[in-house]
Amino acid sequence: MNHTSSQTSLSRNERAPLVTDAIPPRLRRRGANQRQVLGICLIGALVLAFFASRDTPGWAERLGDSPLDHQLRTIAGAWDSAMEQLRLTDPHEALRAMMNRALDWRWSADD
Amino acid sequence: MLFPTLDFLLFFLVVAAALVLLDRHFAQKKAMLVVASYYFYAQWDWRFCFLLAGSTTVSYIAGLLIGGSDDPRRRRLVLAAGVTLHLVILGIFKYLDFLVSSANQLARMLGLQHELPFVEILLPVGISFFTFHGISYITDVYRRDVSVCRAPLDMALYMSFFPQLVAGPIVRAAYFLPQLARPSDEPIPVAAALLLIFGGMVKKVIIANYLATGLVDPAFAAPENYGGPDLLLATYAYAVQIYCDFSAYTDIAIAVAALCGFRFPRNFNQPYRALRLREFWQRWHISLSTWLRDYLYKPLGGNRYGRLKTYRNLMITMLLGGIWHGAAWKFVMWGALHGGGLALERIFQSWLGQRPATRLGVIVSWVVVFHFVCLAWIFFRAEDFTVAGRFIAGLGGGWHQPIQQAQPAMAGLIAIGMVGQFLPPGSFERAGELVGRVPYWGLGVAAGLMLAVINALGPEGIAPFIYFRF
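So the protein lines, in turn, are chains A and B.
Position 26 of the first sequence, counting from 1, maps to 25 under numbering that gives the first Met the number 0, and the rest follow consecutively.
Position 465 of the second sequence, counting from 1, maps to 464 under numbering that gives the first Met the number 0, and the rest follow consecutively.
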């Protein structure tokens, strides 16, 4: 056993607990590197910014009271308005209206 | 900072960018993850960071002292001191007011006038989880199941790694510390991670949130206002809600850890398809049930000293497992029901067999186990015994009353939650392989679109995860 001060070492008789990896080995054979993960996250965030802008003003409202927060609120509001003009908020509104209709369904019309 | 929020997305983008910059610098990458984890934890209350650091220091020093000695007495002494310190910290922050309240109730029953004052300490998020991490590390070093962690940075990351910090899964030192010994050369399983995030978001944002606000919360707030059908569906709804809520958290935690380059263990395996209560515990919160088995049930003697002691050990384990969830007698009752159920199952084991032999037997076993688990959930969810009593009494009557809360959308969400329990084994692998064929830019677009759809379908605002309280 060879310990150094900066690294955790492995003993030869290390007994790993009997647990199963959450992600099965079959799905671990192919994958991405850290750069590609960042790329996926950035593309995802960009798509989200386009199609989920309706929630950004609400998010910005919950920020603090610093000048930066005020600026962020203005940007969030302007961004949402811009997306609305481009009609990119329509899918969001349609899905939310559909969900609300589903929630309003009743077993009988008398309810 | 909750997983399904914009705050977490921004936080993770910064972490992902830092991971790219530090890709070839493993020590710096670990240091950055420790800083990010403490920042993540400080979002609840920065003062709790000192508690986390204290808990880490106790584990680290106890590990060094145990590992540095061959004297069995000294090793045992340090183990006892380390575990006691962890339990004292947990006891003060989580159970002190519960003990005071119980003592005051007892004093009132005995006709005593004097009442103890409450301490009213804020419960630090995730304290039960990082305490169990610390205890398992010290015990594993004592048992020589894991090498001593001599790198303070590794110990700090093991105790604080942000994906599992506040609600698990409980990752064992022997599983996680070897991952910190050297950088992994495995590719990042990005397709599986995105599937886990997508599934977790659907379970939390849509199923758990709507079931909570639309059915469970109103029914448990005033069960006397509802008839049998509403209460029965609210019981099923809570079973689905707590599964979707908690498994969503661990699914996202597993995925986020994977995107950072680390493996986490499986924590749920379709628990509501269990045909025996024992099987339920092999499928539900696996990291806790195996922890309780290895650090409590087995040290108590497990099933090695005869039937009666086995039943006693089961009962003690489940009672303590119950109170681990929260400082209230209702959790003790929940643990007692499961302990009693497991003991009864053992008593009739020779008659019941390992698995039912016939199709009818399978159906009957499933119905019995599922409803037993649901019954126990009533105590877990209700405010106190009075509400639980009213709820159970309400289940027995009022079947002529019209349905108020359990409308089609709620029934549909319960059904969707239950269907997930019966998907054939290997479904996740097959879906993962299919998603893995999509090019990376396509995965990014798909992930963004999926999250936008879930965001639109979910209610405004996200309730905290249930297990944050534990």
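Just so you know, the hints here were simulated from the structure itself, not pulled from any lab data.
Each hint should be verified, as a subset may be incorrect.
[As the list claims (entries may be wrong)] Taking CB as the label site, the calculated pair distances span: (1) A:A81 <-> B:A392: 53 to 59 Å; (2) B:I391 <-> A:E83: 46 to 52 Å; (3) A:N99 <-> B:P151: 48 to 54 Å; (4) B:L351 <-> A:N99: 44 to 50 Å; (5) A:A81 <-> B:R23: 35 to 41 Å; (6) B:P116 <-> A:A81: 38 to 44 Å.
What you are looking at is a predicted structure, and each value in this text was computed from that prediction instead of being measured.
Yeah, the Cβ is synthetic: ideal placement off N, Cα and C, and Gly gets one too.
Which numbered hints fail
6
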